[in-house]
Amino acid sequence: MIDASKEKKNKLIDGICKTFFLAMAILSSSFIVILVLFIFMKGISPFLPGYEFGQVNIIDFLFGTTYRQDQGIYGVGFIVINTLISAFASLLLSFPISVLCALFIVKIAPKKLSVLMKSVVELLASVPSIVYGVFASGLIVIFVKWLASIFGITTAGGSSLLAVIILLAIMIFPTITSMSITAIQAVDKDLENASLALGATRTQTNFKVVLTSAKSGIFAGAILGIGRAFGEATAVSMVAGNKLFGPTFDLFDITRTLTSTMLAGLKETSGLDYDIRFSVGIVLLFVIFFSNWLLNSLKNRIGKNS
Amino acid sequence: MSRKLKDSLLNSITYLCAFLGVLVLGSILIYVLINGLKLINVDLLKNDYWSKNYLVAVENDQSSTFECDGCKGYFSSKWGVSFIDEVTSHNEKVISVEYIAENSPFEQLTSLTAGETYGQIVPMEKGYMIEKIDYIDSEGNTAIAGKILKQDAQALQESLDNASSITSIYMKSPGGGIRGSLIATLYLILISLIISLPIGIASAIYLNEYADKSKINRWLRQGIETLTGVPSIVYGLMGVSVLFPVTTVFGATGTSILLGGLTMAIILLPTIIRSVEEALIVVPQSLRDASLSLGATKSQTIFKVVLPCCMNGILTGVLLSIGRVIGESAALIYTMGTFISDNPVINGPATSLSLMIWSFMSAEQPNFELACAISIIILSVVLILNIVVKIVGKKLSKNFV
Amino acid sequence: MDTCFNVTDLNLYYGEKQALKNINIDLYKNKVTAFIGPSGCGKSTFLRCLNRMNDLIEGCKIEGNILKDGINIYETKTDVVELRTKVGMVFQKPNPFPMSIYENIVYGPKCHGLKNKAELNKIVEKSLKQAALWDEVHDRLHESALGLSGGQQQRLCIARAIAMQPEVILMDEPTSALDPIATSKIEELIETLKNDYTIIIVTHSMQQASRVSDYTAFFLLGDIIEYDKTSVIFQNPKDKRTEDYITGRFG
Amino acid sequence: MKRILCVLFSLMLLVGCSSTPAADSSSTEDTKEPTAQTSSINVYTRDATSGTREAFEKAIGLEELTATAIEVSSNGDMATKVGTDENGIGYVSLSTDFAANNVKPLNFEGVEPSEETVLDGSYGMQRPFSYVTRAAGDFGSTEKEQLVAAFIDYLCNSTEGMLVVESAGGVVDLSKGTPWAELAKNHPIVNQDNSSITISTAGSTSVEKTLKAALESFVPLAGNFQFVMNQTGSGDGYKRVLGEEKTGVNAADIGFASRSFNEDEDVSTAMSSGQYAIDAVVTIVNADNTLSDISADSLNQIYSGTLTDFNAVK
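Chains as they are written, first to last, in this note's numbering: chain E, 113 to 418; chain F, 775 to 1175; chain P, 4 to 254; chain Z, 921 to 1234.
Hints listed in this document are in silico derivations from the structure and should not be mistaken for laboratory results. One should not assume that every hint holds.
Coverage of chain E stretches by chain F, computed from C-beta distances (three or more under 8 Å per stretch; other residues unrestricted) [what the hints assert, rightly or not]: (1) 136-150; (2) 224-233; (3) 238-248; (4) 281-293; (5) 315-324; (6) 361-375.
Note that the structure is predicted; figures quoted are calculated from it, not measured. We put the CB at the ideal spot given by N, CA and C, even for glycine.
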């Protein structure tokens, strides 16, 4: 029954497949190298001597607290802080709500409601971000303004750090929720049954067994979510207000993020002002890498404890 | 007792969060629906975006007058045509033709445009927009009328009744539709999936089935995961300079759907790899063992046992990808361009639906209602694709489960 | 008596940990050999050495020789795929592929390039009959294998292994997930199969070992303590530890 | 005080989403002391690269913008923001729908912004819509070059072209127009079938409406040629026609800017360049504001941060 030539062919195919898979994996991960090389080549140039529009001091750039194109002062230090604040605050706001919402959808809601809610969450993941921006500048801003007036603070028409945080929290909500849904669904039924058999209530089981078993997946969702919060440009720039100096700690004050800085007037500009946006892009990449690393190590640590 | 209290407390928080989430999401949906629904109609979906522009001459030999019983708008009894004022979905005020009487000179319009069509008859239909009419008035002076002079329908009708002969008419067919962009968006989804699915699935297979824990493999994985965090605007800039030469091979001379698709394919890779990998992990090791113990090669095992089992994971990846492609704007501004094409071709410029929204919102006068209307269309496309993919997935996996 | 496997000086490590210590054993053709011993003693690990399934485990290192028909299966030029077609395996939990019954049986032959429909049909019928499953499933061959009961699934897995016409069938606790009736069916099956195949079975059940096997090896902490005819092991074991184990004093 | 309230509030938010929803009702009690409403001016401005901003700052002679200014991303964004902020002041294009956005246009130095005042130069805040073509001989074909020349002539000099631009919101001086029938004699290219020629345009998004109207109306006058508009921003106008992108993906035949081309953008090699229309920049305040007229001086003070109260504006 076993044909030697067939066997040889099988083996050959096997080898080809393996090489193909490896090649594809290398291809996939080489894109990041191309990307980084590309952006570095563009973004490093303003700091090199002999730059055609006048060399920029890299220290001033990295730690500056003023960013004014009109005066040629480019400092992104405060913008980095602003970006971190807005992204992490939105994660803080969105994370518990998303996770509990996912728990509700998977474990608590009746079947029909759960299907409906899941579809809504899936749908919202594909709403173009510009629509979120429009929503934010139409409704969130008014809410923030109203909130501020309760405290007797006047805002710039509602454009503020708080508006950015709420907007981002809403935008990353579908991401975290759908990842959490997947993670919670993957929890072994036996584990749950074991907990219930030990006399734990449904709720205790949900919180102590289901959520803890799914935390790796939930955390992956959080990482994806904060990635989106960092990278979001169009919507954020509609409510950020792009403050010229900083950092901003006041929730009702306007702010400026790395992406809104990159985007503002990108298409209308040239020269140093154009090139420096790539430098901002490098900084953004580093911020993202850093926080990914931070969250990943946090994830590993939490994973180890259990 | 305290346990019950604690339980109900935790439960109520969960309910509250779910409620809050649904409230916010629902309010966005309702917001979009309220603002956009009134602009949604069949014309928006099936019309071309660009109007056809005609310069036509009118048969001036006319002696009769025309009657119009109960037709809407301002009727010119001399020329047998009635006009109404309309506001297009692009917030433009226009004068459009509402009714043409039988034997009206407006039934016999001949093209004045140089080229093949010169002298041919141009059929005028209801809905055509009158931009400008050159005519000679009763005193023999040349004059013009139409929207171009900011006239309304009534003024146009009065001018026409005063005209002894019409020299030329500049008119447009109704436009503003999004059919072309809808097709272009589907092309874009198709291209980006065709490219990124095989690469993504193969990479996921390598990472999950072949890769040991060596440093190189860790680097490979890290590289792919890092792609997730790159802001899409950077992808767009990279696409233009790095991927454009690739598309020239296929005959693209500028921005094209193909270039957009290639760029999107790279953006999609981490998403697809992640969801396929997640599905691969779930496939029980015992199935692989069983296959191998039967003397199947590793690749046979992967193609015949492992991949069919993770069909659902692949479908999830496809769904997520479709959502991503359809919602992306920043990366596509540079690679696909903002030109709205009515007959999109793969290697030519076109615009996707969300790019269209971006254009409308960043224009001098943002057209918010239209943006919402297009969002509704995007949402329904996503919904339809979701359902289709799920049905297909069920059919596919029927054999395997 | 012909030997099927000659194992000499076999050592196996998982990373730092040594799982098998200096194993020397000859396994005989067309006999049923049972491996018994407490959990974690290395009997399953050793079984998986025989068709090189341990290759799949990361950090697993093997020293020593396993000769099959005089050829060392751990030589670099040995074709693992070919080896596995000759040494089939049945696993602890029934693991039919999520396909139809028919597809499950022809999976192996198809992988090796057999395409002839008539021949495949013949193989299906023959293997299912040998596995004593034909009468139960012949009218629903194209239904999903996952719809079968646990015992049927396990017999299907055996039929699937038989379809490749192997010389040896390795069984890794094939009945541990089954009820007594299904277990007895499998045991009967083993009885009839041993005429055509060499069967090596890992089991936790002493009774099963004594019922079905001709030879028994007792494993403890990665060592083979005792290996002899089943009747000898169970009636007068030479080693105290074997006696303690089979009389239920530990393990 | 504000700071403390904010910290309190942020804590509230965190508490609100991680523990019981009932906990925050008590803390709001003591935070409800309303402080006096101030009417300090919120200054809105466009990003530094905007052509509108350039025209505005030039007109009021602004040296240094106040650091508290709020940047918005587009004309429409500006109108929306000022429309919802009683203390806001900003500037938009004349073609903006003021009433729909709940904003009020202000007279500048006593002059009401309108087409007439812009054309006769009495209204000071304005900017040109400029165009630049590729270098002569660089169009790929002579037919295309002739067609582009014809279009530019139609756009800038013909009565018909000017009328179209005007009806689409641009400000032009109709008295300088010549009937197209006369101009067309210099352009025999328009009397043949041009359906195989595609003209591509690039540059400012502000010109989009006027340009689209002009191109569409020119199509039946010039043998049904095709056109592709890829309007992305003024910076791209020069780049894609004569600058670094003139041979790349986004190369175009005619580039547009909603400002004059600056010294970096050398248009001397172009086949032709110039301006075809004017747009006025209008200062706006919220519709509830009592102000109706403003001087360059006051605007300068407001935008440099020395004047922060509407009551002090005279």
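Status of the hints after comparison with the structure:
no. : hint    : result
1   : 136-150 : holds (count 13)
2   : 224-233 : holds (count 4)
3   : 238-248 : holds (count 10)
4   : 281-293 : holds (count 4)
5   : 315-324 : holds (count 4)
6   : 361-375 : holds (count 3)
When held up to the earlier numbered hints, the structure conflicts with none and fits them all.
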